[in-house]
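K.L.:
One-letter residues, chain by chain:
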Amino acid sequence: MGKIVKWRLIRSGHLNGYINMAVDEAMFTCNMSQNTSAPTTLRLYGWNPPAISIGYFQKTEDIKLDKKIDVVRRMTGGGAILHDRELTFSLIAPIKNSSIPEKVSDSYNVICQAIVNGLAFLGINAQIRGKVKTSLSKNHQPFFCFNSPSPSDVVFKNKKLVGSAQRRKNGTLMHHGSILLDDQNLNGAISINTILGREIKFEEISNAVIQGFEKEFSTKLVPANLTCDEIALSRRLEKTKRLNI
Amino acid sequence: MFPNELKYTKTHEWAKMEENTDVVVVGITDHAVKQLGDIAFLELPEAGNKVKKDSPFGAIESIKAVFDLTSPVTGEVIETNQQIVDNLELFEKDPYKQGWMIKIKIENKDEFESLMNASAYESFLKKEEGEH
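Chain order of the listed sequences is Y and D.
Residue numbering for the first sequence follows the numbering used here, starting at 1 and increasing by one per position.
Residue numbering for the second sequence follows the numbering used here, starting at 1 and increasing by one per position.
For the record, the hints were derived by calculation from the structure and aren't laboratory data.
Some hints here could point you the wrong way.
[To be verified] Here are some, though not all, of the chain Y residues that point toward chain D, as calculated from beta-carbon distances under 7 Å:
1. Lys68
2. Val104
3. Gln166
Yeah, the Cβ is synthetic: ideal placement off N, Cα and C, and Gly gets one too.
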């Protein structure tokens, strides 16, 4: 029997968008500085107050707000997300010495399969979307992630339940995933609560996701705290995260 | 497999010294293009910007994954390839010619000379695949 690899598990609870993105960037930066010896880390968190995150390449002038809400830029790609009632996870790993494939599409597949495994523990038969037929050019993609079908989506009955995006730098990967807990009236999307017909607790979906990753990667997720370096860096980064829209 | 007249980095950029100049042309290898998949966005520095060896000079996005582009040499960007910014499919069609991204006027030719040649890059890729 193979040795079980331990991963670090950070449960952050619900934080504001600026802190959430600052913590992710701090974890990514500190992991990168340790090169291949850094532990793979899964962080689970929610958003309070709700916030919009935009992808690395998205333009702030494309954001149209009808109410005041925090807006923050992610390090990862993809479209904008309204983070309200959702579970977000960030997976940070050195690509070498981890079970994550280097090829982008392959890495999405294994990480999304972990989520599919986790949802199966809740009795949800979700799938990875796979191929997408789109007539839209790259310059005319919908602004919001959940309006935009992508091969890496985790779907339930062809409706998007989980959106994903990544950042790679100096051999380190950060994967963001957003799991919709409640409906946002988005075309082509569905939430956990709608599928289950009840209100899922944050703890329950968190535990399912943890089990999904442990199963997919034959790993044990060990609860931990952020390091002193990660906390110090995230406090500095938080001040830079506020976008003026 | 990889053009012999080019030099290579561990982060999968290629570099070519323009004849009788101190200008290095930079792109990404077809190995990188295959790993990336369908490229959607590209961010390049403007002419006049300084770049530093082993530091990011731009970013590229494919399948919602953002990668940093790493400069193989230190110097000043003298030209960027607007054609590739507008036609990202050129990365796949012609990564070593029309797919160039920036031209850098370099400060130290030794930095260029110390990059990997084609056979060293090929060996590096084999080793990397073996380790994974």
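K.L.:
So, for every hint listed, does it hold in this structure?
P.N.:
Hints, verified against the model:
Nearest Cβ of chain D to the Cβ of Lys68/Y: about 28 Å, over the 7 Å cut. The hint is violated. Proximity of Val104/Y to chain D holds as hinted, the smallest CB-CB distance being about 5 Å (cut-off 7 Å). For Gln166/Y, the interface hint holds, the least distance from its beta-carbon to any beta-carbon of chain D being 4 Å, beneath 7 Å.
Hint check: a violation occurs at hint 1 only; the rest are consistent with the structure.
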